[in-house]
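Asks: According to UniProt numbering, the sequence shown is numbered sequentially starting from 1.
Honestly, the hints are just simulated from the structure, not real lab data.
Using N, Cα and C, we set each Cβ at its ideal position, and we do this for glycine too.
Some hints could be false.
[Unchecked claim] Now the in silico label distances, taken between C-beta atoms and shown as ranges:
| hint | residue 1 | residue 2 | range |
| --- | --- | --- | --- |
| 1 | Ser-403 | Arg-140 | 54 to 62 Å |
| 2 | Ala-223 | Thr-406 | 58 to 66 Å |
| 3 | Arg-140 | Thr-414 | 26 to 34 Å |
| 4 | Pro-432 | Gln-362 | 49 to 57 Å |
| 5 | Ala-223 | Pro-404 | 32 to 40 Å |
| 6 | Gln-389 | Gln-362 | 45 to 53 Å |
| 7 | Thr-183 | Tyr-379 | 36 to 44 Å |
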Amino acid sequence: MYSNTTAESDCQVVDTLVREQPHGVASHLKILHDAGVDEEGKTGRLYFALEVMNSLYSSTKERWDAYIGSGLPTVLLDIISDKSTLVPGNDSDARYCEAILTSISLVADHVQRMDEAVGAGLVKTLIDLAPPMWDALWSRRQMFDVGSPVAGELRDVFSQVSATYLSLCTRRAAALPPPLLATRFGHVVMYVWVTTVNCDQDDEALAILEELSANTSVEDLVAFTEETIINTVGPAALIERFITWLSQSWVHGEHLVACLHCMYLFCCHPAVNSHLGAAGMFDSLCDATRRQRLTGNTVDEWNAIGSFAPYIEATFIRSLEQRSLETINRLDDLLFLLARGTLLGAEFGIMQHLDHWVHLYQHTGGLARVARGQSNNHYFLEKLRAAAQPVWYPTLESLRSQSPATSTVAQAHTRMLDAWAELGASLGFEVPHTDASMDIDRT
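Sequences and hints are given; from them, build the entire structure.
Replies: Take a look at the structure:
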């Protein structure tokens, strides 16, 4: 039935078969699929599958009904999910992805005008029942990278498919969409978003990301990040994308904590310029903390922001020492973040990260004491005092009003209170008397 004649002739044969004998198409395609053991056979069945799908673009509702009832969708998915279908070589690789994305696009284009039950069934077949296909596409994800000859076209199709699928998920169920980042489909969608140029300004791309984030667990997001930064576009691009993600109003609670964990992974990655990683991370932390959108597990929040103290110290404090004007202009953010960390560390008594966090206060206070003794650094000192004053006193009062419930919490509380008071004294603030004895250099 399929022959190696001209493409036009093949198209006519396929179109006739799809129109008149849809069950026969499914049967023949399965025979091709099962028998295609050599390269010519593999190429033949792949091209035939493409022609079937292309023919369906002009299908009537009756033809679609026959298509759905013929078992053809399953056979097509079998073909494009079968790793042996791929013939080595650039052209066949592009054709392979074309087959995958054509089948996806086919569903996306037609699902809106079909009966909802039929559309939902198609989507379920395509997304939920074809993990090998998404595994195969994930293994070839470099074709989405900038510079790939098919990257733009593939991304356009995939963006449309993602939007359609996620829209259907939302419409067909009152509950949240499935946690897509636990699936290869979700990984591919996220990867496309990460590698798309200027997607930060693309409302549709951000809407897809919002849907993708629904019901995502910390574990799923971190697992995706770990795999991606090791094997794909590189952590610098991911930092940029996650900073964009953090700025979205719908990111909150555990999602935000997960993003912070992921950014920590980026900063630990040997390929990341430490200043770039810590600077982006610091901006995101400050923004998230200032808007107090971390409304989930506050212990997780403390662990998330506490773990970044060494990176903040290594980059932000170093640039403070160099009197970077850009950094000095962020002093209010730094002090706000330090205040949040102080309250969390004192409230939960979790000793992990405490040393680094206290060292940040001490280092900042040390810079202030040095500046007080140098006439050319008074500008810096006044900027630091002005940034600290709105948060230092309220934080001290909040600390003093806390009532530690256990001895472990009491130890952490005392340490944070002492360090915060010492920072205030170094800045020249009047420190109210506390029961804890402090030997503070006020010179």
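Asks: Next step is simple, just say for each hint if it's right about the structure.
Replies: Each hint, compared with the structure:
One distance hint, 54 to 62 Å for the beta-carbon pair Ser-403 and Arg-140, holds here, with the actual separation near 58 Å. A hinted range of 58 to 66 Å is violated for the C-beta pair Ala-223 and Thr-406, which are about 34 Å apart. For Arg-140 and Thr-414, the hinted distance range of 26 to 34 Å is not satisfied, since their beta carbons lie about 57 Å from each other. A C-beta distance of roughly 20 Å is found between Pro-432 and Gln-362, which places it outside the suggested range of 49 to 57 Å.
Against the hinted window of 32 to 40 Å, the Cβ-Cβ separation of Ala-223 and Pro-404 comes to about 36 Å, which satisfies the hint. In this structure the supplied range 45 to 53 Å is violated for Gln-389 paired with Gln-362, their Cβ-Cβ distance being about 19 Å. Remark: the range hint 36 to 44 Å for Thr-183 to Tyr-379 is contradicted by a beta-carbon distance near 54 Å.
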